[in-house]
Amino acid sequence: MFWIAAARAVGLVVTGILGAKPPLQAVHELDLTRYLGTWYAVASIPTTFERNCTRGTTATYTLLPNGQIDVFNVCYSADGRRIEARAQAWVPDPKAPANLKVSFVNFLGLRFFPADYWVIDLAPDYTYAVVGYPIRNYGWILPRTPTLPQEVLAGIQQRLAAQHYDWSRFRMIDPTTHVQP
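Count along the sequence shown from 1, add 1492, and you get the number used in this note's numbering.
I should point out that these hints are in silico values taken from the structure, not numbers from a laboratory.
What you are looking at is a predicted structure, and each value in this text was computed from that prediction instead of being measured.
Listed next, with one range per pair, are the computed distances between beta-carbon atoms:
id : residue 1 : residue 2 : range
1  : A1607     : V1519     : 17 to 25 Å
2  : F1564     : T1540     : 14 to 22 Å
3  : N1558     : D1658     : 35 to 43 Å
Glycine included, each C-beta is placed from N, C-alpha and C at the ideal position.
Please construct the entire structure, taking both the sequences and the accompanying hints into account.
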């Protein structure tokens, strides 16, 4: 009996330390045709390859003949240098259209190291989307315009908190594409 109680106590401590969270929830429906086009990143928990992106970040999605999505990301560094990245995204399960995979690694026409790309919040009119990653170490707030009204951003922050995202990890992104003199 002592060992069972000790194991439960250790389990509670570990769960408290690790901060176990419920699974991230993607939106139930996503119309890929409406999702195509250009989005502006106004805030993100950046990935390693985005660490030099400080302004003018966009993602443009285009449907390919094979049904996959061409992903073309552009951003600018603090010194004004343009940084580009291209990838392909796809929906592995048509029953979960907002749970996409994306791969930036192309070798001989094959895609390697796909990452989760989940649309976790979406305006009914597709004026903004929020993309998350299941363990919440990445995230992007993507409106269709370079800026987002403060009240809309506040609502997104609340919904991110409900999904157990830590807002303090998000970095606001300057919408301009040039360095101010």
